[in-house]
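Visitor: Chain B: place on chain A using the hints.
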Amino acid sequence: MIKLCLALLCIVNLIACSSHQVIERPYAMIQPESMMQKGLQVYQQDDYLQAHQFFTQALVLYQSIDDEVGQKQAKFNLIKANLAIHRFKQVDTVLNSVEETNNAEWSLLKANVLFAKGQYKQAFQAIASDLLDVKTQVLITSKQRNQLFIQTKFALFADAKESSVFYQRLKQEQPVFTIAQQALFKRLDAHYHRQQGQPEQALELMSMALTLYKSQANRRAIANCLEELATLYQLQHQPNKAKSLLKRAFIIRKWLKDDYKMAALQLKLKALQD
Amino acid sequence: MTKKPNIHYIHYLSQTAKERLVGGFFILSLFIIAGLVGMKVKSSNIFDEVITYHTHMQTAQGISLETLVNISGIEAGKVSSIEITDDNSIHIQFFIYKRFEKLIRTDSKGVLSKLSLIGNSVIMITAGRSSLPLLPSGAEIIIDEPITTNDLMEGMLPVINDLDSIASYLSDIIAVIEPDSIEASTESIKTILADIEGMTAHISSGQGLVGKALYDTQQAEKVTESLNSTAASLAGVEQRVTEIEPLINSLTALADESGQLIIDMRASLKKIDAELEHLPEIINNAETLLQSTGETVQGVQKIWPLSTVMPQPSKVLVIDGDSLHD
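As given, the protein sequences belong to chains A and B, one line each in that order. The first sequence begins at 1 in our numbering and counts up by one. The second sequence begins at 1 in our numbering and counts up by one.
Next comes chain A alone, as it looks inside the complex (with noise of 0.2 Å):
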């Protein structure tokens, strides 16, 4: 009896002093977004095939609900899931349910999987009308920071004419970059380089991003920095250390399951052996 009573009052005391969510939401909407929140947890770690089982769960729960904000939620993180171990077949099947993408996140989104399929013109072209205007636009925010890293990347890769007017403005925001934003800077700059033909300093630049890449621990950059440096490694014709660094990328790719970057690695692999 007086341990019931001590029990009882000690959750009356709980319940008085708690700050939990007073307004109470039916469980058919808390679930998908539990589902949505364990997926971006596997994401972050890297776990994308978990993710993409957690994202299809959420957006089959949020269709039982005809939650049609949720479902595009869920397809937009499926869409990313899938990109990130380039799952083409997959992202194409989601992005071509979702119905309306005219806005800025979702031409972002699609540019960046033309970018992924390495159609780097395409890609360019799809962020055109949301280009920032380099020349007169002050840059406050994080978002504009990485508005302009992306407009920089496509334009360098797609070997545009605005790519140098981009990069000066990049260089002059770099005293601001976070450790990510300055790895990422430093592997533009090794490309811009490149182009420059200053394979010396690219080589230099980028051996430095992928140092910045491993403090951070991002797998994904981690083995595209690998396969860019190896790229640059096969210009000075120096295939064997082109050849370490891409079984290195292979090992990581392979530990994201990323069979598409697998079967490419292989493909570059055999052609340096041959």
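Everything labelled a hint here was simulated from the structure, so no lab data went into it. Careful: at least some of the hints might be erroneous.
As the list claims (entries may be wrong) - Partner residues aside, some chain B positions facing chain A, computed with beta carbon under 8 Å:
#, residue
1, Leu-317
2, Ile-319
3, His-325
Said to hold, decoys possible - Restraint ranges, calculated between C-beta atoms of paired labels, are given here:
#, chain 1, residue 1, chain 2, residue 2, range
4, B, Gln-301, A, Gln-216, 22 to 30 Å
5, A, Asp-259, B, His-8, 47 to 55 Å
6, A, Ser-129, B, His-11, 24 to 32 Å
7, B, His-11, A, Thr-178, 37 to 45 Å
8, B, Leu-290, A, Ser-129, 45 to 53 Å
9, A, Ala-7, B, Ile-90, 37 to 45 Å
10, A, Ala-7, B, Gln-301, 14 to 22 Å
11, A, Leu-8, B, Glu-287, 25 to 33 Å
12, A, Ser-129, B, Tyr-12, 18 to 26 Å
A quick note: this is a predicted structure, and the numbers were derived from the prediction, not measured. Each residue gets a CB set at the ideal place from its N, CA and C atoms; glycine is no exception.
Guide: Coordinates of chain B only, in the frame set by chain A:
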């Protein structure tokens, strides 16, 4: 009629009403705590009058200052002190509440509960006959001691001895098998087989074994030699058979015991099988329990003061700015 908004009532209460509500909770908690303390004091008999008795024991197994004293199954007191006397016996002093005094008579005896062997001991005192005088405070009550672990071990000794004899019995069986004897038997059998092989060779040559044995003296000698060798081998085999007989008897006994063992094993397996049928249900229950526990833990994390130190789950549901480095 104005409809109230669909939010928790706390949001439309005034500051004074909120303070009164909190104050109400606080005062209610104080009252409940005071009531519980009062109940505890009453139930623990702190202020009850007691009478003290004592006893001497050789082994106070499981007795501590927390040990209860029962009279006719009613909790009537507690052990108050344990001391070791000069003659190495244990002096135990205990008290009973005054209201149970009339149950303790001069013929009252005590016994230590059998559960003392596994830790939970209770001194059980039998109520005396009402015709006899009351036992005065400070008197000694004789308490029977339960079996100790040593006694228990002594009881188990014959079982261990039986096991030992079974082991030596098995050892005898194995000892009967002599490698030399088996080797000798094998040699004899080998000789027989060689002789039979020779005889078969002669038959296959078309001369006919019986004719040769009758008319060919050389052959007859060979046959005689073979027969002598066979007789010697048979004698050896007979001797081995005589030697093996106790072994066969032992094996038969062993086979009988094995049969019983197999029956027991089958029964055990059936029981395990029956238990395994419940396994999926248990797993489902465990899963539900884990899920509920997870939800409870998540709920607790949202409660002050944990909510101030535990990171709360993000409300963001969309992957943001991640493909920048691809």
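Visitor: Work down the list of hints and note, for each, if the structure agrees.
Guide: Going through the hints against the structure:
{"no.": "1", "hint": "Leu-317", "result": "4 Å, holds"}
{"no.": "2", "hint": "Ile-319", "result": "4 Å, holds"}
{"no.": "3", "hint": "His-325", "result": "4 Å, holds"}
{"no.": "4", "hint": "B:Gln-301 <-> A:Gln-216: 22 to 30 Å", "result": "28 Å, holds"}
{"no.": "5", "hint": "A:Asp-259 <-> B:His-8: 47 to 55 Å", "result": "51 Å, holds"}
{"no.": "6", "hint": "A:Ser-129 <-> B:His-11: 24 to 32 Å", "result": "44 Å, violated"}
{"no.": "7", "hint": "B:His-11 <-> A:Thr-178: 37 to 45 Å", "result": "39 Å, holds"}
{"no.": "8", "hint": "B:Leu-290 <-> A:Ser-129: 45 to 53 Å", "result": "50 Å, holds"}
{"no.": "9", "hint": "A:Ala-7 <-> B:Ile-90: 37 to 45 Å", "result": "40 Å, holds"}
{"no.": "10", "hint": "A:Ala-7 <-> B:Gln-301: 14 to 22 Å", "result": "20 Å, holds"}
{"no.": "11", "hint": "A:Leu-8 <-> B:Glu-287: 25 to 33 Å", "result": "29 Å, holds"}
{"no.": "12", "hint": "A:Ser-129 <-> B:Tyr-12: 18 to 26 Å", "result": "47 Å, violated"}
Going down the numbered hints, you'll see the structure goes against 6, 12, while the others check out.
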